[in-house]
Amino acid sequence: EAAVTQSPRNKVAVTGGKVTLSCNQTNNHNNMYWYRQDTGHGLRLIHYSYGAGSTEKGDIPDGYKASRPSQENFSLILELATPSQTSVYFCASGGGLGGNQDTQYFGPGTRLLVL
Amino acid sequence: QQQVRQSPQSLTVWEGETAILNCSYENSAFDYFPWYQQFPGEGPALLISILSVSNKKEDGRFTIFFNKREKKLSLHIADSQPGDSATYFCAASAKGAGAKLTFGGGTRLTVRP
Numbered sequence: 001e002a003a004v005t006q007s008p009r010n011k012v013a014v015t016g017g018k019v020t021l022s023c024n025q026t027n028n029h030n031n032m033y034w035y036r037q038d039t040g041h042g043l044r045l046i047h048y049s050y051g052a053g054s055t056e057k058g059d060i061p062d063g064y065k066a067s068r069p070s071q072e073n074f075s076l077i078l079e080l081a082t083p084s085q086t087s088v089y090f091c092a093s094g095g096g097l098g099g100n101q102d103t104q105y106f107g108p109g110t111r112l113l114v115l
Numbered sequence: 001q002q003q004v005r006q007s008p009q010s011l012t013v014w015e016g017e018t019a020i021l022n023c024s025y026e027n028s029a030f031d032y033f034p035w036y037q038q039f040p041g042e043g044p045a046l047l048i049s050i051l052s053v054s055n056k057k058e059d060g061r062f063t064i065f066f067n068k069r070e071k072k073l074s075l076h077i078a079d080s081q082p083g084d085s086a087t088y089f090c091a092a093s094a095k096g097a098g099a100k101l102t103f104g105g106g107t108r109l110t111v112r113p
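Taken in order, these protein sequences are the chains called F and R. Counted the way the numbering used here counts, the first sequence spans residues 1 to 115. Counted the way the numbering used here counts, the second sequence spans residues 1 to 113.
Calculated directly from the structure, the hints in this document are not laboratory data. Treat the hints with care, since some could be wrong.
[Stated by the list, open to error] Straight-line Cα separation of at most 25 Å, SDA-like style, residue types lysine to any residue; simulated pairs:
no., chain 1, residue 1, chain 2, residue 2
1, R, 95, F, 103
2, F, 57, R, 14
3, F, 57, R, 31
4, R, 68, F, 98
5, R, 57, F, 99
6, R, 100, F, 61
7, F, 57, R, 95
8, F, 11, R, 39
9, R, 57, F, 98
10, R, 100, F, 44
11, R, 71, F, 41
12, R, 72, F, 65
13, R, 95, F, 59
14, R, 100, F, 3
15, R, 100, F, 30
16, R, 100, F, 26
17, R, 100, F, 97
18, R, 57, R, 14
19, R, 68, F, 99
20, R, 56, F, 99
21, R, 100, F, 52
22, R, 100, F, 50
23, F, 18, F, 28
24, R, 100, F, 51
[What the hints assert, rightly or not] Some chain R residues well away from chain F (every beta-carbon gap over 12 Å; in silico):
no., residue
25, 30
26, 84
27, 112
Bear in mind that the values here come from a model prediction, so they are computed numbers and not experimental data. We put the CB at the ideal spot given by N, CA and C, even for glycine.
Next up, chain R with everything else stripped away, as it sits in the complex (with noise of 0.2 Å):
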């Protein structure tokens, strides 16, 4: 069974809307979250990341959105560009696992300018 889910699979939103992606956990050891972002033809690249202390962390047009109780997590990108387009995943690690990364299936996000 998966331990992270991410939803939707796909989104398009229009250049300068906010795209939201979902992500949700079943595993209450996870602490660490983070997203990494995915360009067609490449590696995986970390963008942002929160720790299970903590219920919001920004890094510019991308926000964090942590709900501990109900095992749900978000990402927000503001004002979205073309350039964002790409695969994002939601990752989570427990501490004691060592480095494991738990992966989500990814969403698929489309901005159209």
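Looking at chain F on its own, in the form it has when it is part of the complex (with noise of 0.2 Å):
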């Protein structure tokens, strides 16, 4: 079964709204991020968790937070979604003890559209 999983895999959302994505490992990591995939662009990491309670900031943070409750869990919360948030947004695990060659285990997205 698949070890990363998101939630929802498609969303619409109006500006202004609140939007929260939601990603679950059962991988038992420390580590998990949230990336947006836009042409061009590759992945960039908006933030990032090294264990239940901790969240980091990636390289785009603003517009979004994040929150790991457990270990298994971390969600990106728009607070005020606007349309240059429309992308399709990864989660990631990665145990955590191989440093900065960490092998990363994606989700398989979720595509969000702001309108």
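Assemble the dimeric complex from its two separately framed chains, guided by the hints.
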């Protein structure tokens, strides 16, 4: 079974609305990540976490918050969604034991459209 | 600015040919370079990786060539198959930066039968 799952898989939101994207992993990994993928930009890191209760800013954190309430779950929150946040969002997990050589395991993605 | 760049953005080869995907980087602190493969509708998955202490890494039909002096690397896919059609991302990380990866923009590979 898939070890990293995301919900919802597709989401349509209105400008100014609140959006929560959820991620669950059964790998028992310490590290979790949120990326957005846009054509020409590859994957860009939004927030990441080293364990339950911790969140760190990635390269493009503005307009996003993250929450890691447990080892398994990592959420990405858009408090005031804007059309520029229309994108495909990927969650990933990593063991955290390999240092900077850690393999990341990705979920299937969430396609978000902000109107 | 993009710290990891990939070229070409898209590449088409015939079945059986060798596909060559290029990657360059700016940060001298990068020492680990994984390549991820992504099929449409799926998340990326690790394909092959190399450390900066090596100049070549092979895994079956996939080979990474690494030139530290020029800050360039390339992924060679020998005997390309239609099933190799996917987007390939070059990524990089630096020791001491935790497990953060910086991704390039990707190369979309199409292998024609």
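Next on the checklist: To test your reading of the hints: which numbers does this structure violate?
Outcome noted: 2, 12, 23 and 25
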